[in-house]
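Asks: Spelled out, the chains give:
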Amino acid sequence: MTATTAGAFHEGSSRAAARGDLPRLLPPVREGKRPQNLDAHLARHGGLPYRDRTGMPGNPSALVRDLEEAGLTGRGGAAFPVHRKLMAVLEAAGQRGRPPAVIANGAESEPASDKDATLLWLAPHLVLDGLQLAAEAVGADTAILVTHADRGRDVAGRLRQALQERLAARLDRVPVQLAAAPARFLAGQETALVNQLGGGPAIPTFMPPRITERGLAANPTLVQNVETLAQLALIARRGPRWFREVGTASEPGSMLATLRRADGLPRIVEIPLGTPLRDLLGDAPAGPESAVLLGGYHGRWLPAARAATLTLDNRSLEPAGARVGAGIVISLPADRCGLVETARAVRYLALESAGQCGPCLNGLPRIAAAFAELASGRPRRGTREDLERWSGLVTGRGACHHPDGTARFVRSALRTFANEVRRHERGQCSAASTAPFLPVPDGAARSEDDWM
Amino acid sequence: MTAFWYASRATGVVALLLLTAVMVLGMLVNRQGRLPGLPRFAVTGLHRNLSLLAVIFVAIHVLTSVADGYVNIPVFSAVVPFMSPYERLWLGLGAVSFDLAIAVIVTSLLRRHLSRRAWRVVHLLSYLCWPIAWVHSFFASGDLQHGVLLILAIGCAIAVGVGLVWRLAAAAGDVPRAERVGLIMAAVHDRTPRGRATANDADAPGDARHPRDRTSTR
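One line per chain: the protein sequences are A and B, in this order. Take the first sequence: its position 75, counted from the start at 1, is 75 in the working numbering, and no numbers get skipped. Take the second sequence: its position 35, counted from the start at 1, is 487 in the working numbering, and no numbers get skipped.
Quick caveat, the hints were computed from the structure, so don't treat them as lab data. Do not take every clue at face value.
[Claimed, not checked] Taking beta-carbon pairs under 10 Å as the criterion, some of the chain B residues facing chain A (in silico):
#1 L480
#2 Q484
#3 G485
#4 H565
#5 R629
#6 R632
#7 V633
#8 M637
#9 V640
#10 H641
[Claimed, not checked] Negatives, chain B to chain A, calculated, CB over 12 Å:
#11 P488
#12 G489
#13 I512
#14 R540
#15 V558
#16 L566
#17 S567
#18 G607
#19 A630
#20 E631
#21 I636
#22 A638
[Unchecked claim] Just the calculated beta-carbon pair ranges, DEER-fashion:
#23 B:S560 <-> A:G396: 52 to 62 Å
#24 A:N419 <-> B:L561: 52 to 62 Å
#25 A:P57 <-> B:G489: 48 to 58 Å
#26 B:A570 <-> A:R381: 47 to 57 Å
#27 B:G489 <-> A:S250: 50 to 60 Å
#28 B:R486 <-> A:P99: 42 to 52 Å
Backbone N, C-alpha and C fix where the C-beta goes; we use that ideal spot for every residue, glycine too.
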């Protein structure tokens, strides 16, 4: 869907038709927000369609071909084609003669997101199905599901219960281990995840080697977001054509998104890719200063008026420099200052640096301090230029993309809130409230234990 | 041919100088130190390029000493230690340090294909390689035992010795990884004007300030 057609889209018109059979992943709306037990899950989706055959590098299993035809991409943020990752793991396993490991990534270390925890809470069996099917497709003998260590809900407890049900029903062929990722922003990054599961701190490691080749215990390792695995479990049952019934031609399927409007509370929705942002933002007044944050704290601010012309798919967002990412859409309330909010998040990002790459370790704290100065109301001359320059300096110079993502976030804030920056330079601020809006955890890591 | 003999002695001395420079630069690279007027990556580049140059000099040193017919040094004794009839012990040490240097260079060239740990373990052998090379240089012939070359040899030993003490002292003073960011954050935020950059102090923007607002940067 292009921006033009999105612009012509009217609130509420034909929305039901466009949504097809959604929700697919989450329980039907009429059942409410109740977790689905195994019986309810099997009644809705049917049994687990094992293929009874592991793929070979030259001759992948039918599931891999179905995933390619479906065009499923990773839902953790990077949107990497799932079939290619599976093929890479298959090839590495064939070449090196070692059994792969499959890791379901539910670490969800982005504080603004809550879709993975919600999915695991409401439909744990769909994720566990996907984990089994992916393990079968690559011939894995190890399956691990990683959750965030402390979110509000007891997701791990819910999963233990689900695994008990599956054990009784003899559903799983590969035993599933549960693990918890520490509450660190980088903990969900796949090399950090593998590092932590291997007994180290949850910090990203240098590539190469890629973890598809040498990951957990030096075995080829497949890391997929939990939503991706749930989508995989549906494609295995219903096929690629069904999957493509919603979404756009280039980015098919549905996705989970975390919406945060004025009240700041997360709303998890399942929407087709290509949904107009205007529909998601609700009827918040699109004043000249209102803005939307897409993709969380490694994402981008956009003026609300611009965002309202776009649809939630990478093809539409790319010209605006934004990405779908993990589906985070936050609309800044009219009474808040975008600079103050960004300053809090940037400070958090700086504190979450793993401290292993110089540009990130030295650059992010300086960027955070300069941004705090900008937000404080009386910045020195040149602070804005410093921020632009430093953002350029740290980009592309880390083992992971933490400096890049932070720099992108900072630069987009400087552009989107350019008028507000000028106001602050004159000692003014347009915000009526400084009550924190963006969800930013307050505990920073103090010792190595906080990374384990 | 005496030309081989002279070439062998000369390249040996140059190789020792180069290896000393490579050692000192390596310790500098490890501590992320800098040389005046050079960016950090240039120090790394210098370390790498000088090490390759040293290998070339060591190779010429070995080949010419073998080719020289005045004393009998078999080819294989260049790599297999203690096999040379001439100066068995001191040339044997030369072969040991040559082998170690080859291991360090080859693993560095193949670093992309190795785990960081494997590369590092082999690379640490440099600390064994250099002293052995020095002992070999000093005792295999009398050249370094008097005059200007004696001063040079002692200078090399002092350079590496001082470098090693500095490197160990610096490593001992390292801040644990998990504490680095916090320290730098505290330092840069104290340097901002008026000693702080908070959004909830007297300079805070907006009218509705609330005491519970937490936008402090500390």
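Asks: Against the structure, test the hints numbered earlier, and report the numbers of the ones violated in rising order.
Replies: Of the numbered hints, 1, 3, 16, 17, 19, 20, 21, 22, 23 do not hold.
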